[in-house]
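Protein chains in written order, with UniProt numbering: chain A, 1 to 186; chain B, 1 to 186.
Any given hint could turn out to be false.
Because identical chains cannot be distinguished in the list, a pair is counted as satisfied if it fits within a single copy or across any two copies.
Distance condition first, Cα-Cα at most 25 Å in a straight line; then the derived BS3-like pairs of lysine-lysine [claimed, not checked]:
#, residue 1, residue 2
1, Lys-179, Lys-57
2, Lys-179, Lys-87
3, Lys-124, Lys-181
4, Lys-57, Lys-124
5, Lys-84, Lys-47
6, Lys-124, Lys-84
7, Lys-9, Lys-87
8, Lys-181, Lys-84
9, Lys-57, Lys-87
10, Lys-179, Lys-9
11, Lys-9, Lys-181
12, Lys-47, Lys-124
13, Lys-124, Lys-87
14, Lys-179, Lys-84
15, Lys-47, Lys-9
16, Lys-9, Lys-84
In short, the hints are calculated from the structure, not lab data.
Protein chains: 2
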Amino acid sequence: MSSAYHRKKQPERVRSQLLEVAARLSLEQGIAALTLDAVSQAAGVSKGGLLHHFPNKLALLDGLFDELVARFDRAIEEAMAADKVEKGRFTRAYLTVCFALDQGAEGQGWQALTIALIAEPHLKARWRAWVARRAAEFATTDSSPDCLLARFAADGVWLADLIRSHELDASTRAAMLEKLKALSLA
Amino acid sequence: MSSAYHRKKQPERVRSQLLEVAARLSLEQGIAALTLDAVSQAAGVSKGGLLHHFPNKLALLDGLFDELVARFDRAIEEAMAADKVEKGRFTRAYLTVCFALDQGAEGQGWQALTIALIAEPHLKARWRAWVARRAAEFATTDSSPDCLLARFAADGVWLADLIRSHELDASTRAAMLEKLKALSLA
Numbered sequence: 001m002s003s004a005y006h007r008k009k010q011p012e013r014v015r016s017q018l019l020e021v022a023a024r025l026s027l028e029q030g031i032a033a034l035t036l037d038a039v040s041q042a043a044g045v046s047k048g049g050l051l052h053h054f055p056n057k058l059a060l061l062d063g064l065f066d067e068l069v070a071r072f073d074r075a076i077e078e079a080m081a082a083d084k085v086e087k088g089r090f091t092r093a094y095l096t097v098c099f100a101l102d103q104g105a106e107g108q109g110w111q112a113l114t115i116a117l118i119a120e121p122h123l124k125a126r127w128r129a130w131v132a133r134r135a136a137e138f139a140t141t142d143s144s145p146d147c148l149l150a151r152f153a154a155d156g157v158w159l160a161d162l163i164r165s166h167e168l169d170a171s172t173r174a175a176m177l178e179k180l181k182a183l184s185l186a
Numbered sequence: 001m002s003s004a005y006h007r008k009k010q011p012e013r014v015r016s017q018l019l020e021v022a023a024r025l026s027l028e029q030g031i032a033a034l035t036l037d038a039v040s041q042a043a044g045v046s047k048g049g050l051l052h053h054f055p056n057k058l059a060l061l062d063g064l065f066d067e068l069v070a071r072f073d074r075a076i077e078e079a080m081a082a083d084k085v086e087k088g089r090f091t092r093a094y095l096t097v098c099f100a101l102d103q104g105a106e107g108q109g110w111q112a113l114t115i116a117l118i119a120e121p122h123l124k125a126r127w128r129a130w131v132a133r134r135a136a137e138f139a140t141t142d143s144s145p146d147c148l149l150a151r152f153a154a155d156g157v158w159l160a161d162l163i164r165s166h167e168l169d170a171s172t173r174a175a176m177l178e179k180l181k182a183l184s185l186a
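Taking the hints into account, I'd like the entire structure generated from these sequences.
Structure representation (structure tokens):
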């Protein structure tokens, strides 16, 4: 690789590293306790270097949110691409992704952050925009009350996984997923 | 009322007032931005007076959590008392309370806080304990997969109301509640 390549990529790598560290600290200590100083120290990046990417805490939270939504979108697109039935396809993909959260994917730690992020007032609005955009995009295939209900149940399971509020055995979990997928076709 | 009564009650009143202010500030600015100084100033209570009730930010968050759970428990007990059918009674009460969140009850503002609170690591553990205790308490009447699924859907609706992520019209909402109540009896 040329050094020009390195020069171009380096800032992106620092940015990713800062987000990884911010995610880890948020998970360990809660988002309320997260400070730019702590991220800068734990990442071994100067405060100036951090401020170049994230001028304040809100910008850092925005960055975490963007990354989470991008991962979620990619996972949904993959699941949709593997499903040949048009009716309820978005809902089944949504179910698949939400139910997969406990599978120990590398993204799991990150996803546990979602709950803290969407509690932040300005990120709530951004999540609302995502929901509205997707609802409009898939209105012809996924707007039935049963599809909506299935997605709400998926949100509940996702929430339970994130906060580890329930101990669900694998068979109960699989039965629930099948039942909800059937609703998407009703 | 005697002055002895006043002396006894005054600290409780200050505590409630501090919690109200902390809840309002958390909703306005997010829990991450909440500081003891801001609560003390907004409540017109000295920093010493605040520290007497809440020695640090975690204690303040614990206090908010206790209050929220107490309100949630009372609402569930009321709903259960009004339901004569034993099977799935806890689930129907849970559904009723979760779906009522958008009804503009005085507790609504407070409940919007729940999502921020359960994202805090040590409060997650407290919520998990609540779920486990209730699941054990109502194991004979409310442990079917359908009851569980109904409660997950209620969590999803509750989450949607809290973060205002979906615009649900009243008839869709009512139909969903009826469908989920029917599941609790299946």
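- Using 25 Å as the alpha carbon limit, work out where Lys-84 and Lys-47 are close: within a copy, between copies, both or neither. The answer is neither: 50 Å in one copy and 62 Å across copies each exceed 25 Å.
- Query: What label fits Lys-124 with Lys-87 when the C-alpha limit is 25 Å: within, between, both, or neither?
  - Reply: Neither: 29 Å inside a chain and 37 Å across chains, both beyond 25 Å.
- Is it within a copy, between copies, both, or neither that the alpha carbon of Lys-9 lies no farther than 25 Å from that of Lys-87? Neither, since 42 Å and 61 Å both go past 25 Å.
- How would you label the pair Lys-9, Lys-181 (within, between, both, or neither) given a Cα cut-off of 25 Å? neither (42 Å within a copy, 55 Å between copies)
- Message: For Lys-179 and Lys-57, with the copy left unspecified, which applies at a CA distance of at most 25 Å: within, between, both, or neither?
- Response: neither (42 Å within a copy, 43 Å between copies)
- Item | Lys-47 and Lys-124: within-copy, between-copy, both or neither at 25 Å Cα | neither (28 Å within a copy, 31 Å between copies)
- Item | Homomeric proximity label, Lys-124 with Lys-84: Cα distance no greater than 25 Å | neither (33 Å within a copy, 39 Å between copies)
- Item | Intra- versus inter-copy proximity for Lys-84 and Lys-179 (alpha-carbon distance at most 25 Å) | Close inside one copy (19 Å), not across copies (28 Å); limit 25 Å.
- Evaluate Lys-179 and Lys-9 at a C-alpha cut-off of 25 Å and name the case that applies: within, between, both or neither. neither (46 Å within a copy, 53 Å between copies)
- Query: 25 Å Cα cut-off: does Lys-179 pair with Lys-87 within a copy, between copies, both or neither?
  - Reply: both (16 Å within a copy, 21 Å between copies)
- Tell me, please, which holds for Lys-57 and Lys-87 at an alpha-carbon limit of 25 Å: within, between, both or neither? Close neither inside one copy (42 Å) nor across copies (49 Å); limit 25 Å.
- Item | Lys-47 and Lys-9: within-copy, between-copy, both or neither at 25 Å Cα | Intra 20 Å, inter 49 Å, cutoff 25 Å: intra-copy only.
Violation of the numbered hints given earlier is confined to hints 1, 3, 5, 6, 7, 9, 10, 11, 12, 13, 16; the remaining hints are satisfied by the structure.
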